[in-house]
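Trainee: Based on the sequences and whatever the hints tell you, model everything.
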Amino acid sequence: MQAAFETSTFIKEYFQENRDYFQEQLLSEAVNVRDKIEEILLIGNIDLLNNAQKLVVYVMDQSDKDVRAFAKQEGIAWATHSLTLTFKLEWVQAIRRTLWKLLNKFVDEQDLEYDASDFFTLEKQINDQLDQFLNTFFICYSDYKDQLLEHQKQLVENLSVPIIPITSDMCILPLIGVLDDHRARIIEEKVFTAIDELHIETLIIDLSGIAEMDGAVIDQFLKMIDGTTMMGCKPVITGLRPEIVRHMVSLGITFEDRAITSGTLQAAVKRYTSLDK
Numbered sequence: 001m002q003a004a005f006e007t008s009t010f011i012k013e014y015f016q017e018n019r020d021y022f023q024e025q026l027l028s029e030a031v032n033v034r035d036k037i038e039e040i041l042l043i044g045n046i047d048l049l050n051n052a053q054k055l056v057v058y059v060m061d062q063s064d065k066d067v068r069a070f071a072k073q074e075g076i077a078w079a080t081h082s083l084t085l086t087f088k089l090e091w092v093q094a095i096r097r098t099l100w101k102l103l104n105k106f107v108d109e110q111d112l113e114y115d116a117s118d119f120f121t122l123e124k125q126i127n128d129q130l131d132q133f134l135n136t137f138f139i140c141y142s143d144y145k146d147q148l149l150e151h152q153k154q155l156v157e158n159l160s161v162p163i164i165p166i167t168s169d170m171c172i173l174p175l176i177g178v179l180d181d182h183r184a185r186i187i188e189e190k191v192f193t194a195i196d197e198l199h200i201e202t203l204i205i206d207l208s209g210i211a212e213m214d215g216a217v218i219d220q221f222l223k224m225i226d227g228t229t230m231m232g233c234k235p236v237i238t239g240l241r242p243e244i245v246r247h248m249v250s251l252g253i254t255f256e257d258r259a260i261t262s263g264t265l266q267a268a269v270k271r272y273t274s275l276d277k
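Note that my numbering gives residue 227 to position 227 of the sequence shown, counting from 1, and the numbers run on in steps of one.
Hints in this document: simulated from the structure, not taken from any laboratory. As the structure is a prediction and not an experimental result, all values here were calculated from the model. Be a bit skeptical, because a hint or two may be false.
Unchecked claim - Computed list of lysine-lysine pairs in BS3-like fashion (alpha-carbon distance at most 25 Å, straight line):
(1) K145 x K12
(2) K124 x K101
(3) K105 x K72
(4) K65 x K36
(5) K54 x K105
(6) K36 x K54
(7) K105 x K190
(8) K223 x K234
(9) K105 x K124
(10) K145 x K65
(11) K36 x K145
(12) K190 x K124
(13) K124 x K12
(14) K65 x K124
Mentor: Printed below as a string of structure tokens:
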């Protein structure tokens, strides 16, 4: 048997001749996945049946390079389209069981004799290749998913700090939603970078969309205002809501000597654009 299995050409030829048998057995093994084959093809243009046959050929060839490359390709595809990992695991395990059925059929039909040593050698070769595929797939899936999440995080952070140019040296920073300590630090970083890169001389910060700021956030915000001034940019605060003003007064905090305040964004824009003319 060992000599027969070492001759991969014979095995691959047998596999090619029995593709229909392999596919039929695979579909019977992968009970939960078989109903999702068309859906996965539509969502990610991933042909599970064709890819299963590719994987079997790579495993039979004992091609580490092809197995790893294919696993990376599959990992990125599944991560990109957020396909369910449980389906992938069930599918590969079904491929494993089906491949062993096919090899058993091959041995029976060829009437080959083999000993335990031959069997365990074959078992290790095949299962090591399939395990390598799974390990590489999951690592690549996880890494690519992390990259996507980081990209989305950066996108959200950029959208949450929309610094909008009004003139060549004046910008608006409209803030909305919840302003916590983490977001305040992101805003500070984005503001300092924008002042440096865009040469901003006047930054109008509109807080009309912020309903609440706790003491720690107010303190962080004031530090940002001080840093803005130190960089030669004039901060203008607009849209302070009564709730925030009352909270600042109770804490004994004020923007006095730190920034100019204006009731509305519209009034501040009108005032400072007219000064440029």
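Trainee: Would you mind confirming whether the straight-line C-alpha gap from K36 to K145 stays at or under 25 Å?
Mentor: Distance of about 22 Å is within 25 Å: holds.
Trainee: Given the hinted pair K105 and K190, is their alpha-carbon gap at most 25 Å?
Mentor: 65 Å, violated
Trainee: Straight-line Cα separation of K105 and K124 no greater than 25 Å?
Mentor: Status holds; Cα separation ~19 Å.
Trainee: Holds or violated: are the alpha carbons of K105 and K72 at most 25 Å from each other?
Mentor: This hinted pair is violated, its Cα atoms lying about 31 Å apart.
Trainee: What's the verdict on K65 and K124, does the C-alpha distance respect the 25 Å limit or exceed it?
Mentor: Roughly 18 Å separates the two Cα atoms, so the pair holds.
Trainee: Can the restraint linking K36 and K54 be considered satisfied, given a maximum Cα separation of 25 Å?
Mentor: Cα-Cα ~19 Å, so holds.
Trainee: Against the 25 Å threshold, does the CA-CA distance of K145 and K65 hold or violate the hint?
Mentor: 23 Å, holds
Trainee: Keeping to a limit of 25 Å between CA atoms, is the pair of K124 and K12 held or broken?
Mentor: Distance of about 19 Å is within 25 Å: holds.
Trainee: Are K145 and K12 close enough, with their CA atoms no more than 25 Å apart?
Mentor: Violated - the C-alpha atoms of K12 and K145 are around 35 Å apart, more than 25 Å.
Trainee: Within a Cα-Cα threshold of 25 Å, do K223 and K234 meet the stated pairing?
Mentor: Holds. K223 to K234 sits at ~14 Å (cutoff 25 Å).
Trainee: Checking one constraint from the list: CA of K124 to CA of K101, max 25 Å. Satisfied?
Mentor: 16 Å, holds
Trainee: Is the straight-line distance between the alpha-carbon of K65 and that of K36 25 Å or less?
Mentor: Roughly 29 Å between the alpha carbons, so the hint for K65 and K36 is violated.
Comparing the model with each earlier hint shows violations of hints 1, 3, 4, 7 and 12; every other hint is respected.
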